[in-house]
Every structure is written in structure tokens, then in C-alpha cells.
Amino acid sequence: MSICPERARGATLIELIVSIVIISVALTGVLLAINRATRLSVQPMVQAQAVAVAESYLDEILMRAWRDPDDPSDGCASPGAEAGETRDSFDDITDYHGLEIDGRVRNQFGELIQELAAYRVSISISCADLGDITAASGQAARIEVQVRNTALATPVVLRAYRAEAP
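With the working numbering, letter number 3 in the sequence shown gets 3, and the count goes up by one each step, no holes.
To be clear, the hints were calculated from the coordinates, so they are not data collected in a lab. Backbone N, C-alpha and C fix where the C-beta goes; we use that ideal spot for every residue, glycine too. One thing to keep in mind: the hints can contain errors.
[To be verified] Derived Cβ-Cβ restraints for the label pairs, each shown as a range:
1. Glu55 / Ile17: 32 to 42 Å
2. Glu82 / Leu112: 23 to 33 Å
3. Arg159 / Ala33: 57 to 67 Å
4. Leu27 / Gly110: 49 to 59 Å
5. Phe109 / Asp70: 15 to 25 Å
6. Pro155 / Ser89: 22 to 32 Å
7. Asp59 / Gly80: 38 to 48 Å
8. Ile22 / Thr154: 21 to 31 Å
9. Thr86 / Leu27: 54 to 64 Å
10. Ile22 / Glu100: 37 to 47 Å
11. Asn35 / Pro155: 19 to 29 Å
12. Asp88 / Val42: 15 to 25 Å
13. Ile20 / Glu55: 22 to 32 Å
14. Thr154 / Glu100: 13 to 23 Å
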């Protein structure tokens, strides 16, 4: 007489190996799906932060004077900062043309914002046509702020137009 009846027999080694392989494959699929979802869940936050950075630079630029107080005849015809001028001394919108901030995003007081080290900002300003106002007249400007981050597939670009009041 046998101690273990035929019905109480356990699983064979082959059955255990097959079940481990099946569970491993299923678990790998679930973990890959969770990994992808986790990686993509950060992108909306980075996108919103990039928009906020671009908006703050655009607001700062739009608060500046239209014409350079040192050379009121200039308009947007020759954008760019004067020699020796830094961001905290910019006095008109065209001074911001060509400004590149590469991982050193600062507020308007020149203080470094460490939390925004992964963001790259570039600004361009050019003359624009707005209805009866032509680019040749130098009375309208197109302002473009571009913010890049490695987590974003495409950069965030905000544009604004500003015209000189008659």
C-alpha cells in the first residue's frame, strides 16, 4: 500500500517550469506597459512648465519700450542688444533678439532658477507685416520665444506681435 494515493500526487518539474515561464512572460508585458505609462506621464508637466517659462519671457519682453530710448529712430530695423548691455539693462523689445539661455534660466532680476536647468530658451525678434503696417516701415515686430527640453519631442514656441502706436 502506497503512502500517497494517486490523486494526491504533486506537479511535475516540467509543469512547474512551464508555469514559471508563462508567469514571467505575462509579468514582463505588464511591467513594460507600466514603464511606458510612467515615462509618458511626466511629459504634460514638462510641457506646462515650458509654456510657463515661454510666457514669462514673452511678458517680460512685451513690458519693454517699443523704441530704444538711446536711438528712437531705430524701431525694429536692427534688433539686438547694444554693446555691453545685459538682460537686466535691456530697455526695449529689440534688445532681446538673439538671446540664448542654455540651461541657465534666470528671472528678470538675474537670479538663477536651479529647477529649470533642463530648459533652453531662445528669442528672436523681426519686423513684421500687420495689415497696413509693413515690415519695411519698422513699425511692427514679431517676437518668438522658443523653449526646449530633452523630455519634449518638439519645442514650445510662443509668438506675439507688437506694433508702434501712431
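| Satisfaction of the hinted span 54 to 64 Å by the C-beta atoms belonging to Thr86 and Leu27 | Hint holds: Cβ distance 56 Å, inside 54 to 64 Å.
| request: Given the hint of 22 to 32 Å, check if Ile20 and Glu55 actually sit that far apart at their C-beta atoms. | output: violated (54 Å)
| query | Between Ile22 and Thr154, is the Cβ distance one that fits in 21 to 31 Å? | reply | Violated, at about 41 Å.
| Hint check for Ile17 and Glu55 - Cβ pair distance inside 32 to 42 Å | violated (59 Å)
| Taking the beta carbons of Asn35 and Pro155, is their distance inside 19 to 29 Å? | holds (26 Å)
| task | Evaluate the given range 38 to 48 Å for the C-beta pair formed by Asp59 and Gly80. | result | At roughly 21 Å between Cβ atoms, Gly80 and Asp59 fall outside 38 to 48 Å, so the hint is violated.
| query | So does Pro155 sit 22 to 32 Å from Ser89, Cβ to Cβ? | reply | With a Cβ separation near 28 Å, Pro155 and Ser89 satisfy 22 to 32 Å, so the hint holds.
| field | Range agreement (Cβ of Gly110 with Cβ of Leu27, hint 49 to 59 Å) | value | At 52 Å between Cβs, range holds.
| field | Range hint 37 to 47 Å (beta carbons of Ile22 and Glu100) holds or violated | value | Cβ of Ile22 to Cβ of Glu100: about 55 Å, so the range 37 to 47 Å is violated.
| query | Taking the CB of Arg159 and the CB of Ala33, does the distance hold inside 57 to 67 Å? | reply | Since the Cβ atoms of Arg159 and Ala33 sit about 38 Å apart, the hinted range of 57 to 67 Å is violated.
| query | Quick one: are Thr154 and Glu100 within 13 to 23 Å, going by C-beta? | reply | Once the Cβ atoms are compared, 18 Å apart, the range 13 to 23 Å for Glu100 and Thr154 holds.
| said: Given a hint of 15 to 25 Å, does the C-beta separation of Asp88 and Val42 actually sit inside it? | reply: violated (33 Å)
In terms of the numbered hints stated before, the structure departs from hints 1, 3, 7, 8, 10, 12 and 13, listed from lowest to highest.
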